[in-house]
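Number of protein chains: 2
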Amino acid sequence: MKIDGTPYRAIWPGEDGVSACIIDQTRLPHEFVTVDLRSVDEAATAIRDMWVRGAPLIGATAAYGMALAMQRDAGDAALAAAYDTLIATRPTAINLKWALDAARARLAPLGQAERAEAAWRFAAELCDEDVAVNHAIGANGLALIREIAAKKKPGERVNVLTHCNAGWIATVDWGTATSPIYQAHDEGIDVHVFVDETRPRNQGASLTAWELGKHGVPHTLIVDNAGGHLMQHGQVDIVITGTDRTTAQGDVCNKIGTYLKALAAKDNGIPFYVALPSSTIDWTVRDGVREIPIEERSGEEVTWIQGRRADGTLDKVLISPPDTPAANPAFDVTPARLVTGLITERGICAASAEGLAGLFPERAVA
Amino acid sequence: MKIDGTPYRAIWPGEDGVSACIIDQTRLPHEFVTVDLRSVDEAATAIRDMWVRGAPLIGATAAYGMALAMQRDAGDAALAAAYDTLIATRPTAINLKWALDAARARLAPLGQAERAEAAWRFAAELCDEDVAVNHAIGANGLALIREIAAKKKPGERVNVLTHCNAGWIATVDWGTATSPIYQAHDEGIDVHVFVDETRPRNQGASLTAWELGKHGVPHTLIVDNAGGHLMQHGQVDIVITGTDRTTAQGDVCNKIGTYLKALAAKDNGIPFYVALPSSTIDWTVRDGVREIPIEERSGEEVTWIQGRRADGTLDKVLISPPDTPAANPAFDVTPARLVTGLITERGICAASAEGLAGLFPERAVA
Numbered sequence: 562m563k564i565d566g567t568p569y570r571a572i573w574p575g576e577d578g579v580s581a582c583i584i585d586q587t588r589l590p591h592e593f594v595t596v597d598l599r600s601v602d603e604a605a606t607a608i609r610d611m612w613v614r615g616a617p618l619i620g621a622t623a624a625y626g627m628a629l630a631m632q633r634d635a636g637d638a639a640l641a642a643a644y645d646t647l648i649a650t651r652p653t654a655i656n657l658k659w660a661l662d663a664a665r666a667r668l669a670p671l672g673q674a675e676r677a678e679a680a681w682r683f684a685a686e687l688c689d690e691d692v693a694v695n696h697a698i699g700a701n702g703l704a705l706i707r708e709i710a711a712k713k714k715p716g717e718r719v720n721v722l723t724h725c726n727a728g729w730i731a732t733v734d735w736g737t738a739t740s741p742i743y744q745a746h747d748e749g750i751d752v753h754v755f756v757d758e759t760r761p762r763n764q765g766a767s768l769t770a771w772e773l774g775k776h777g778v779p780h781t782l783i784v785d786n787a788g789g790h791l792m793q794h795g796q797v798d799i800v801i802t803g804t805d806r807t808t809a810q811g812d813v814c815n816k817i818g819t820y821l822k823a824l825a826a827k828d829n830g831i832p833f834y835v836a837l838p839s840s841t842i843d844w845t846v847r848d849g850v851r852e853i854p855i856e857e858r859s860g861e862e863v864t865w866i867q868g869r870r871a872d873g874t875l876d877k878v879l880i881s882p883p884d885t886p887a888a889n890p891a892f893d894v895t896p897a898r899l900v901t902g903l904i905t906e907r908g909i910c911a912a913s914a915e916g917l918a919g920l921f922p923e924r925a926v927a
Numbered sequence: 562m563k564i565d566g567t568p569y570r571a572i573w574p575g576e577d578g579v580s581a582c583i584i585d586q587t588r589l590p591h592e593f594v595t596v597d598l599r600s601v602d603e604a605a606t607a608i609r610d611m612w613v614r615g616a617p618l619i620g621a622t623a624a625y626g627m628a629l630a631m632q633r634d635a636g637d638a639a640l641a642a643a644y645d646t647l648i649a650t651r652p653t654a655i656n657l658k659w660a661l662d663a664a665r666a667r668l669a670p671l672g673q674a675e676r677a678e679a680a681w682r683f684a685a686e687l688c689d690e691d692v693a694v695n696h697a698i699g700a701n702g703l704a705l706i707r708e709i710a711a712k713k714k715p716g717e718r719v720n721v722l723t724h725c726n727a728g729w730i731a732t733v734d735w736g737t738a739t740s741p742i743y744q745a746h747d748e749g750i751d752v753h754v755f756v757d758e759t760r761p762r763n764q765g766a767s768l769t770a771w772e773l774g775k776h777g778v779p780h781t782l783i784v785d786n787a788g789g790h791l792m793q794h795g796q797v798d799i800v801i802t803g804t805d806r807t808t809a810q811g812d813v814c815n816k817i818g819t820y821l822k823a824l825a826a827k828d829n830g831i832p833f834y835v836a837l838p839s840s841t842i843d844w845t846v847r848d849g850v851r852e853i854p855i856e857e858r859s860g861e862e863v864t865w866i867q868g869r870r871a872d873g874t875l876d877k878v879l880i881s882p883p884d885t886p887a888a889n890p891a892f893d894v895t896p897a898r899l900v901t902g903l904i905t906e907r908g909i910c911a912a913s914a915e916g917l918a919g920l921f922p923e924r925a926v927a
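Protein chains in written order, with the working numbering: chain A, 562 to 927; chain B, 562 to 927.
FYI, nobody ran anything at the bench for these hints, they're computed from the structure.
Note that the Cβ used here is the ideal one computed from N, Cα and C, for glycine as well.
Hints are not guaranteed to be accurate.
Simulated DEER-style distance windows between Cβ atoms [as the list claims (entries may be wrong)]: (1) A:Thr567 with B:Gly777: 36 to 42 angstroms; (2) A:Asp884 with B:Ala711: 28 to 34 angstroms; (3) A:Ile655 with B:Ala711: 41 to 47 angstroms; (4) A:Ala918 with B:Gly830: 29 to 35 angstroms; (5) B:Glu690 with A:Pro652: 56 to 62 angstroms; (6) A:Arg665 with B:Gly777: 52 to 58 angstroms.
Can you make the complete structure from the sequences, with help from the hints?
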C-alpha cells in the first residue's frame, strides 16, 4: 500500500540486485526506517528481533534469506546451514517452516550454478503469491463493505472495527483484515476504521493506526475496552479481524481480546468476519478452545509499555507496582458460533466444517 | 485497610487537630506520599487535581474542606465561599454536591462559635457512615465467596476478577467491589484476584494492584483483553465490579470495558456481581444504555501513557503516531440481563426493578 503517496511492499528486492529491503517495524510508528538485508544472518536477525513480523512476511523474509545465502555460497553445506539458521529464529512460526521447506525442495535438486538465481526467483514468486491471495481476500470482503455502503444515507460512513494488526505490513501487501478496507477506500467508499490499540503489545496503536494513516484511510484509535460501547450505540457496522490459526470447524485463534469483541458483536447483531489465507487453516484441529495451547508470554509486556517521550526519545515506563505479578496469554479462541463468516481467497463461507468443506473440498475431513 | 501492616483510611483528621490527611493518589503506585490539607483551598486542589478520587472519597474530602474553612472563619460569607470553592472542583461528582449540601444544612443554622466543631464532627460522621456502608456491602458479598470456597478442593483458591478500582482508596475504607475480597482474605479464605489493568487510565494496574498488594491479597495483573480467555478456561469463579451509577431497573454504568466482561461471564456461566452503596442508584433512570450520557474524555488519555522509567522518574510516552485521532468514552452500560446480582449495604438483590424494590421499598417507583 502507500506510505505518504508512495507505493510500498513490506519486503522487496534491492535495486542493487544483491539485497532484500524491509521496514524496521520495531521502530514504528515513531520512526520509518528501511533496512537493506545483505546476508542470511541479517535476514535471520530481522526475523528473530521482529523487525519483520506477521506470518506471511516472516515466510517471505526467510525466502529472501535463502537467496542471500545462495548468492554468497550455493553449496549443499551452505544450503543446509542457511535453512538451519533461519528455522531457528522463530521456532513456532508455521509459515517460516513452510517457506523454508519449499525453498529447499526447489533449490536442492539444482546445480550450484543455478541456485542463486532460482532462490531469488522463488522469493519473488512467494511474495507475488502472497499479494495475490491477500488481494483476493480483499476483493471478496469488499462485497460486504459495498453492501453496507449501499444502505447508507449520503454523508454516512461505513464503520469497521478491527483488532490487532492484520494489515499490509504483516504480509507482503494488502494485509488480510485490512485488504477489504483498502480496496473499499481505494474505490471511493467512505470507510472509517475503529482501531483497537490491542494491549499488551499495542499493535493496533503502533502498526494499524500507522499504516491506515499513511495510506490515507480515516480511522480512530480506541482502547480495547471501548468496542462494546460503540457497538451498543450503532457506531460499528462490521468487525473484521485476522487470525493466527483457524480450526476445521471454524473456531478462530487470534490476538487476545478478539473473543470479547465477537461477543459484543453477537450481542448487538453486528456481523463479525475473520479474514484469512487458507494456509492458516489447521485441518487437524476442531475444537479450538479445548485443543489449541495458548502461548503465555512475559508479564513484563503487561507491566512495561514502550513509547516515545515528549523529547522524541523511545523508552519504556512501568505502569504497576514493581513487584506486581502479571499473566499474559497472547491469544484467545473465538468459537465459530460467534463468527458470521470467514473471508478467504476463494470466497466467503460460514465458520463451520460444512462451510469450509464447500470452499475447500479437497481438504475437508469427513 | 492495611499498607505494609499499618491500618489506614483514605482520609483522616491530622493529629494536630487542624488538618485533614490524604494519600496523593496521583503518585501511586510509584510513590506513597501523604498530604496534610490545612485550608479549604488545599482541599479543593486535592479534589480538582485528583489527589483523591472515587465518589465517596471526594464527598469525604469536601466535608473536611468545610471543616478547614470553618476553623479559619465561621461567618456566613465564609460558609458560602467554601461551598462555592468546593462544588466547582468536580462539577459532575454527585457525592460532592450531596456532601456539601448536607454540610451546609447542618452548619448554617448554628451560631458561628459552634460551626467549626460541628463541621469536624460532620466530616468524621460522614466518613464513619461510608465505612459502615462499605463494610456491610463486604459482609453481604462475603457470603458469595464463602459459598464458592466451600466447593473448592484443598489447595484450590477462589478466583475473583475485577475491573478498574472500586477499592478502599476510592472510598474511606473497605471499598465496594473489594470489600468482600478483603473480608474473605482477612478471615483466611484463599482468595486471588485477577486485576484488569483498565485502560486508558490504568486504575487497575496502578491502584487496585497497589492496594491489594499492600494489604497482602494475592493478585495477578492482566490486560483488559485477557478476561474472556481466563473465563473460557475455568480460571475465574466470580466477577465483582463497582459502579458509578445504577438505574432503577438494574443497569450498571461503570468504567468502560465492564460490559465486555459481563458478556464473557454470561457466555461462560460465571456469576457477575456489582457492588454498590445504594446512594449510587439513580431512581430516575431506567434504561441505562438509552438514557445515560457517556462522558467522552480527551484522546490523549489513550495515546499517552504515564508510568515510571527505569531510572525512577515519572514520565509519559506516546504509543501511536503523533497525529492519530483517538476516541475515549469513559464509561459503558452493562444491561441488567447480564448482571447476576447487586451487592448493596442492605443485602444482595436481582438486578431488576423488582429486585431493587425488595431491598429499597421506600424508593421503588411503581
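Report task. Take a look at whether the Cβ-Cβ distance between alanine 918 of chain A and glycine 830 of chain B falls inside 29 to 35 angstroms. Result -> 31 angstroms, holds
Query - Status of the given 28 to 34 angstroms range, CB of alanine 711 of chain B versus CB of aspartate 884 of chain A - result: About 31 angstroms separates the Cβ atoms of aspartate 884 of chain A and alanine 711 of chain B, which means 28 to 34 angstroms holds.
Query raised in the report: Per the hint of 52 to 58 angstroms, is the separation of the Cβ atoms of arginine 665 of chain A and glycine 777 of chain B within bounds?
Result: 57 angstroms, holds
Query - Range hint compliance [Cβ, isoleucine 655 of chain A to alanine 711 of chain B, 41 to 47 angstroms] - result: 45 angstroms, holds
Query raised in the report: Quick one: are threonine 567 of chain A and glycine 777 of chain B within 36 to 42 angstroms, going by C-beta?
Result: 57 angstroms, violated
Query raised in the report: If you check the beta carbons of glutamate 690 of chain B and proline 652 of chain A, does the distance land in 56 to 62 angstroms?
Result: For glutamate 690 of chain B and proline 652 of chain A the Cβ distance comes to about 60 angstroms; the hint holds.
This entry does not satisfy hint 1, going by the numbered hints stated previously; all others are met.
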